[in-house]
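Enquirer: Each chain is listed here by its residues.
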Amino acid sequence: MEIDRIGGLRLVLRHQKNNTMQLAIASGKGGTGKTTVAVFLFHFWAKYKNRSVQLVDCDVEEPNAALFLSPLRMKNKKTVYQYIPEIDTWVCTFCKKCSEWCTFNAITIVANRKFAEVDNTLCHSCGACLVACPENALTEKPHPLGAITHYITEDGNFFSEGRLEVGSAMQTMLIKALKKEVRKKENITILDSPPGTSCPVVETAADADYVILVTEPTPFGLHDLKITVELLHELQKPFGVVVNKAGLGSTDVYAFLEENNIELLGEIPFSREFARRYSAGELLKEIPQELEKIYRNIIESVLKSTQKTVEA
Amino acid sequence: MKEITILSGKGGAGKTSVAAAFASLAKNTVYCDNDVDAADLHLIFNPEIQEKHDFSSGSKAVIDPEKCSVCGLCTEHCRFDAIHLNKNGIPEVNPFQCEGCRLCERICPEQAITSIQFNNNKWFVSKTRFGPLIHARMGAGEENSGRLVTEIRKKAKEIAAESAADFIINDGPPGIGCPVIASVTGTGKVLLVIEPSLSGLHDAKRLFRLVNSFHIPVEAVINKFDVNEELTLETEKFLNEHQIPLLGKIPFDTVLVESMVNEQTIVEFDPGNRISTAIKSIWKQLSEN
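Residue numbers (our numbering), protein chains in the order written: chain A, 1 to 312; chain B, 1 to 289.
Please note that a few of the clues may not be correct.
[Stated by the list, open to error] Here are the simulated BS3-like pairs of lysine-lysine, each with C-alpha atoms no more than 25 Å apart in a straight line:
id, chain 1, residue 1, chain 2, residue 2
1, A, K77, B, K205
2, A, K226, B, K205
3, A, K226, B, K52
4, B, K205, A, K78
[As the list claims (entries may be wrong)] Quick list of the computed label-pair ranges, beta carbon to beta carbon:
id, chain 1, residue 1, chain 2, residue 2, range
5, A, Y83, B, L73, 16 to 26 Å
6, B, K189, A, K285, 35 to 45 Å
7, B, A161, A, T121, 52 to 62 Å
8, B, R129, A, Y81, 15 to 25 Å
9, B, G272, A, K304, 24 to 34 Å
10, B, A161, A, N112, 29 to 39 Å
11, A, R272, B, D81, 40 to 50 Å
12, A, N261, B, V62, 49 to 59 Å
13, A, Y81, B, E241, 47 to 57 Å
14, A, Y83, B, N28, 41 to 51 Å
15, B, R209, A, E181, 48 to 58 Å
16, A, Y81, B, R209, 16 to 26 Å
17, B, E229, A, L291, 15 to 25 Å
The set of hints was computed from the structure by calculation and includes no laboratory data. None of the values given here were measured: they were computed from a predicted structure. Glycine is no exception: its CB is placed at the ideal position from the N, C-alpha and C atoms.
With the hints as extra help, turn the sequences into a complete structure.
Expert: Now the structure itself:
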């Protein structure tokens, strides 16, 4: 398959260069269990494979992985800023060139009222207005976009999180900044992706070598899985699927996977007791043996799959 | 006419199931699926599409290798790291990274860059057994879902005005980012669907701060309340502290998934079920307040 060829090629290059691999956990629909799967993979990968593993919470609008990883030791925290231009109306001649160049309609100029302003929620900080202005009337000022925090877990692994400032509409920009900040040395990097199929997901999965899709066997889960599969085809990413809450809903998802030749990496049965433990943030406490076995198999399947693409 | 937006912060809290259940109870209402990224309401509404519209999410730059002199100006100015040298040493735009700001096109001394419009998104006006539904389908990996939300809400308002509807119900997107901001701006009221989990409450609190900054009234329901009664108590405490009216608590029952599989709302599928009873009482309060 074309995806395997290109994605595999990328994987070969990275493997040969520095023996690292990035896995993105995505889903389409929210609440299917991305964070749960990411947290368990993080935990078990470190335990079994004796490799350095880090987890990166890219779901910056609703960063939840930390809730399941306590106690965490904070290493370092920094605020990320978005630079938004301000127009000096003393210098501005109200020629409107900046607003003509702004494709995001973020600039309003009313010449006869000597009014010139940039809308913070619409500005993408592309810098076009700065180049457009013949008078140098624009200066970029920092606005907090969110925070990036690095932690160390009890087991000594790295965990990083991006947390969008409430009110900011630029989640993708923060994900980009987060990806630049994370360590590049770890053997395995697990990226917990936001839900959906638009730009924040693309940003998260863009550099991933392999994507694990988490779905639930409900009509909503399947519908959103299909759109996400379409996206991954477009991005030319190799991927496999984990069915979470198996036993609920219908078996349609399995038929879909079979028809489209998509690898089923594993199934996690629905359990009300598990839902309660999730709700209390107690995923990693007294993990049932059956569950441990399921995740062990998922890890082996992912390794086999990525190995296959490396060899292909 | 009242416009109600249903939100949760965390995904999977039950926004769509609750919105669909309201549809079985509400009269003279226009429905709008604001979760354009992963729209699911139509799976229950079974819409008969009457109007189809394109929505352009913006443009993407394309470099003509024949005209390019490889001066590097575009790469230097692109703030989205979208322009890379390909294996022939010619700059190339990665369409997934390009945000369509057109700066490179404007500054290229060789005029080698053009922008092409992307019309990968569609939105629809449909007839359903509950009333009109406005919904969308975004192309995979598209940008500007916020603008698309604004667009379909505008249409929902027009239809509601023409038909003198009593309500618009917006089934909202998860998160607190651009599509959520677009679905909250100017709405009449927000209904928070909170799942009693650490993550559900954490996300609901962030969302509440966002909605509050818009000075929009908020009411709440706790969904799957019996999965963790302790956290339900904590959620109630939070609601109390912020004077957010709690309209009801919905129990957890897998029958909800069965109704979904049957393409029905829970009220249609099992009207006597405890979930349906809870939702009836919630809708009564929500619509009368």
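Enquirer: For each hint, tell me whether it holds in the structure or not.
Expert: Each hint tested on the structure:
1. A/K77 - B/K205: 22 Å, holds
2. A/K226 - B/K205: With a Cα-Cα distance of about 31 Å, the restraint between A/K226 and B/K205 is violated, given a limit of 25 Å.
3. A/K226 - B/K52: 21 Å, holds
4. B/K205 - A/K78: 22 Å, holds
5. A/Y83 - B/L73: 16 to 26 Å: 20 Å, holds
6. B/K189 - A/K285: 35 to 45 Å: 39 Å, holds
7. B/A161 - A/T121: 52 to 62 Å: With Cβ atoms ~26 Å apart, the hint is violated.
8. B/R129 - A/Y81: 15 to 25 Å: The hinted range 15 to 25 Å is violated for B/R129 and A/Y81, with Cβ atoms some 50 Å apart.
9. B/G272 - A/K304: 24 to 34 Å: 49 Å, violated
10. B/A161 - A/N112: 29 to 39 Å: The hinted range 29 to 39 Å holds for B/A161 and A/N112, with Cβ atoms some 33 Å apart.
11. A/R272 - B/D81: 40 to 50 Å: 46 Å, holds
12. A/N261 - B/V62: 49 to 59 Å: With a Cβ separation near 33 Å, A/N261 and B/V62 fall outside 49 to 59 Å, so the hint is violated.
13. A/Y81 - B/E241: 47 to 57 Å: Given range 47 to 57 Å: violated, Cβ gap about 31 Å.
14. A/Y83 - B/N28: 41 to 51 Å: 48 Å, holds
15. B/R209 - A/E181: 48 to 58 Å: 25 Å, violated
16. A/Y81 - B/R209: 16 to 26 Å: 20 Å, holds
17. B/E229 - A/L291: 15 to 25 Å: 24 Å, holds
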